[in-house]
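**Q** Residue numbers (numbering that gives the first Met the number 0), protein chains in the order written: chain A, 0 to 171; chain B, 0 to 171.
Source of the hints: derived by calculation from the structure; they are not laboratory data. Since no wrong hints were added, every one of them can be taken at face value.
Which copy? The list can't say, so a pair holds if one copy fits it or any two copies do.
In silico DSSO-like cross-links for lysine-lysine, where the CA-CA straight-line distance does not exceed 30 Å:
{"id": "1", "residue 1": "K1", "residue 2": "K170"}
{"id": "2", "residue 1": "K171", "residue 2": "K1"}
{"id": "3", "residue 1": "K171", "residue 2": "K17"}
{"id": "4", "residue 1": "K171", "residue 2": "K156"}
{"id": "5", "residue 1": "K171", "residue 2": "K16"}
{"id": "6", "residue 1": "K156", "residue 2": "K170"}
Number of protein chains: 2
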Amino acid sequence: MKVILYIATTINGMIAKKDGNSDFVSSEDEASFNKICRNTGCVIMGRNTLEYFKSLPIESWPNTDGIHIALTSSKSLSVSHPQIYFTDSPQSALKLAEQKNKSGIVVIGGSKTWGSFMKENLVDEIYLDIEPLAFGEGMPMFIGGDFEIKLELIESKPLSPQTIQLHYRVKK
Amino acid sequence: MKVILYIATTINGMIAKKDGNSDFVSSEDEASFNKICRNTGCVIMGRNTLEYFKSLPIESWPNTDGIHIALTSSKSLSVSHPQIYFTDSPQSALKLAEQKNKSGIVVIGGSKTWGSFMKENLVDEIYLDIEPLAFGEGMPMFIGGDFEIKLELIESKPLSPQTIQLHYRVKK
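Looking at chain A on its own, in the form it has when it is part of the complex (with noise of 0.2 Å):
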């Protein structure tokens, strides 16, 4: 199970404003997302990002045809989405991922969603957009813990002349 971490960001590794709003991603860049999430067909997501994507319509989710997993203890949550599942923990969204026959994730954010996965070690590889802004205060890109985790560029090309991504692979 190959798991990706797909990572939209500030040069200070900022992945929203303070109040949550990620209106800074390029077109260039969400192109390049949809496309690496419809080649997996699995995302995962945590709470928030579902609430965000849930006041779109499903052929705006980066995965329309595909397995969506959020990452939640709400069983009260209401999706219209047909082929979406809830779980409570990296490890279990990873098994549900297997028991669909999927060979690979993406797991599309947030902060907390993206944490949880580095701290447990579960990542195989990290696409990463830099967008040319910084902010002073916002959301960071890992919440919920300490780790260290060396990786190793695979990658760095312009996704246009503004937006750079960098490819990784974790060292393990």
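Got chain A sorted already, so can you dock chain B onto it with the hints?
**A** The following block gives chain B in isolation, referenced to the frame of chain A:
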């Protein structure tokens, strides 16, 4: 007066571990850092960064033959470097550099010093060297208040197969 921030960071915007240790910085990163500091001939640093350099011989300072300005309210610091000046705000540091006939300065850290220059919108360019690792907790790049600053990517280049340097201009 051109104001440059030179920053080495993890992929998630941490510039040091919780204890202040930044031994993850690569030798290629250090070589680029020293070159830019020496070309500019004037560096500004905060109190903690000065404490770090105090422990090193002068020939290992990033700007051996140039001017060093330390941002600190302390008047009791003992430093043996022949060209070091003390001041207590970003604005007074820039005024001092002008009086010394400098046309540019490099702000070399740490988080509070970089944060204060960003918050006051005094920065013209940023060099960001991204090292291949992630810390769950640590010293964030900017401390000291909120701001939102838009940048323009001037150049992206590898300093080594594992370290990417992004060079930005601040949009004003």
